[in-house]
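> Residues per chain, in single letters:
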Amino acid sequence: MLTVRDLRVHFPIYEGVIFDRQVGAVRAVDGVDLDIADGQTLGLVGESGCGKSTVGKAIVRLVPITTGTVVFDDIELSKLEGAELRKARRHVQMIFQDPYSSLNPRQNVGSTIAEPIKTHSLRQGAAVGQRVLELLDAVGLPRGAAHRYPHEFSGGQRQRIGIARALAAEPSLIVADEPVSALDVSIQAQVINLMEELQQNLGLTYLMISHDLAVVHHIADAVAVMYLGGIVELAPADRLYTEPLHPYTLALMSAVPVPDPVVEDRRQRTVLQGDLPSPANPPSGCRFRTRCPFVQARCAEEQPVLREVRPGHKVACHFAEELAEQRVSVR
Amino acid sequence: MSKVDNSTEPLLAVTDLKVTFNTRGTTPVRAVDGVSFSVRAGETLGVVGESGSGKSVTSLAILGLLPERGVQVEGSITFDGAELLTSSEREMQAVRGRRVAMVFQDPMSSLNPVLTIGRQLTEVLRRHHVCHKAEAPGRAAALLDRVGIPEARRRLDNYPHQLSGGMRQRVMIAMALACEPAVLIADEPTTALDVTIQAQVLELLRELVAQSNTALILITHDLGVVAGMCDRVHVMYSGRIVESGERHPLFAQPRHHYTRGLLASVPRLDLVGGKLTPISGSPRDVIDWADGCAFAPRCPAVTESCLGTPPALEPLDDTFVRCVNPAPLGQSMWKAD
Chain A
1 MLTVRDLRVH
11 FPIYEGVIFD
21 RQVGAVRAVD
31 GVDLDIADGQ
41 TLGLVGESGC
51 GKSTVGKAIV
61 RLVPITTGTV
71 VFDDIELSKL
81 EGAELRKARR
91 HVQMIFQDPY
101 SSLNPRQNVG
111 STIAEPIKTH
121 SLRQGAAVGQ
131 RVLELLDAVG
141 LPRGAAHRYP
151 HEFSGGQRQR
161 IGIARALAAE
171 PSLIVADEPV
181 SALDVSIQAQ
191 VINLMEELQQ
201 NLGLTYLMIS
211 HDLAVVHHIA
221 DAVAVMYLGG
231 IVELAPADRL
241 YTEPLHPYTL
251 ALMSAVPVPD
261 PVVEDRRQRT
271 VLQGDLPSPA
281 NPPSGCRFRT
291 RCPFVQARCA
301 EEQPVLREVR
311 PGHKVACHFA
321 EELAEQRVSV
331 R
Chain B
1001 MSKVDNSTEP
1011 LLAVTDLKVT
1021 FNTRGTTPVR
1031 AVDGVSFSVR
1041 AGETLGVVGE
1051 SGSGKSVTSL
1061 AILGLLPERG
1071 VQVEGSITFD
1081 GAELLTSSER
1091 EMQAVRGRRV
1101 AMVFQDPMSS
1111 LNPVLTIGRQ
1121 LTEVLRRHHV
1131 CHKAEAPGRA
1141 AALLDRVGIP
1151 EARRRLDNYP
1161 HQLSGGMRQR
1171 VMIAMALACE
1181 PAVLIADEPT
1191 TALDVTIQAQ
1201 VLELLRELVA
1211 QSNTALILIT
1221 HDLGVVAGMC
1231 DRVHVMYSGR
1241 IVESGERHPL
1251 FAQPRHHYTR
1261 GLLASVPRLD
1271 LVGGKLTPIS
1281 GSPRDVIDWA
1291 DGCAFAPRCP
1301 AVTESCLGTP
1311 PALEPLDDTF
1321 VRCVNPAPLG
1331 QSMWKAD
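Residue numbers (my numbering), protein chains in the order written: chain A, 1 to 331; chain B, 1001 to 1337.
Don't read these hints as lab results, they were simulated from the structure.
Wrong hints could be hidden among the right ones.
[What the hints assert, rightly or not] Partner residues aside, some chain B positions facing chain A, computed with beta carbon under 10 Å: (1) 1051; (2) 1198; (3) 1221; (4) 1224; (5) 1248; (6) 1250; (7) 1258.
Note that beta-carbon positions come from the ideal geometry of N, C-alpha and C, so glycine has one too.
Put together the whole structure using the sequences plus the hints.
Rendered as structure tokens:
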């Protein structure tokens, strides 16, 4: 069980010739609450710069947390330092986006996968090698791969190596940051299916970070939509996709192309105007108001809180109920 | 979608294009292996393929942007009746950028980082003698305005790093449109962009085709983009077109197993659940077209007749298919609709 409360990650901006002084902060993550039950998958979607990757990195403590708590299986990850943190990290592993830069080119695959096993003393002696072979089997790579180097593998195979490395620490939570977006279309499905299989067999809990709504729809039980450092909508996957309530989610869904000309021809498009505002200087009130097609005076004055509009369906919009009446669906 | 007059001559015709890269010490690589297609004014043509399928090399060959050394280009590319492959660099310069323009994938690396947007736009206008020097800034601002960049005048003094990815791609499109080209080639124009920005850029391209009767060649790996934009679609695999046709019959009843595999491996936003059916292996597992079908090692319906002789691109009902054992009609791709 992962519980994230009021997570904030602010990156300071310094200025000055001799003495640096802080002149502001990029509020990459600004008050995020998340819960993932054991064995479940939470999809975290949003566009580049919305802070979704920073949330993932903060959970595995790869970026400093400004305020807020991250609790996983009764361990408060956000409080730990040094040796204790390293010990706790075994339970929370990460799969990275780019399989080309996340593997050491000069370390062979066997040694890459064995490293977490040795670091956490999970196996001794010959059992380490045996475990590496088991992991290669689990991710569908030939056993001979152990003696080869990353450059000998294709993108999809490298991503499998990355998954095997994450599994080597025997984690219960895996944070997967865009695990398929660097892969070719025909390969993406292989990796998604592998991740689903592993979840069923090992009872893993996933935080799936992606910009691809269709991929998240396929794999996630619940989905959180992020915009400019905050969650704007959180709901069970089926509910979110059939009845999106936040105007941003609506726009996002109508922007995703569907590979079917019949659907494409009859769908209504809500094309958002403009770009994402700077997280160093977010708009007052609702963060989305500068691009929202339904913006009202109240939106500039008061920041909407993430509130339960339907059972289990949370939305951060003052006018969620009104929008629900005349909603536009994906079709 | 535009109304295309099929009686008119094609504006740009590519016939049996072959591009071979010769690298010292290794066997030559044929990136494009006999590709033929044509576009008419006002038509949007989609070219779909994964990395290594030869789709980008095709577009570079059309514009004569491939290096001369070590690259062999064969076949024929005609624009408005004139052969481009045998034309001199001088003749090519009169066509490239002016009559046939291109929008590249990565807007950051295709703009010069040390020159202002205005300088780069006016350069195109001046180079092709579109207008006088004094008029150039006004024209440049009008172009930025046309592609939907707010405060166009002020933006002329901006450097590329001061613009967001979507804005930069708009600038690239503005540059491509500077000479009102007859053919616009867009190579993965939205791949580097977020979905909401992608929707803006695609909308812009749609408007352009409708307003100026431009022929658009859209090169992409995204089947969704093609489904909503293109009149006709070519699916490429390992340097050859494996299936082509009008978008409706092609997406409703794909006959080639590669096209079917691609469609079955992408999760769809509007359909729930079900296991994805990936294509086994990777695009690296190919055999030479000379030895049979290049897709055979990954094909779920491979037979003995797939090896030996290369299949030809033949008409089959509503589409053209390069397969000796195509999927039967009536087998729907989708579990629900």
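> Hint numbers the structure violates, sorted upward?
Violated hints: none at all, because every hint is consistent with the structure.
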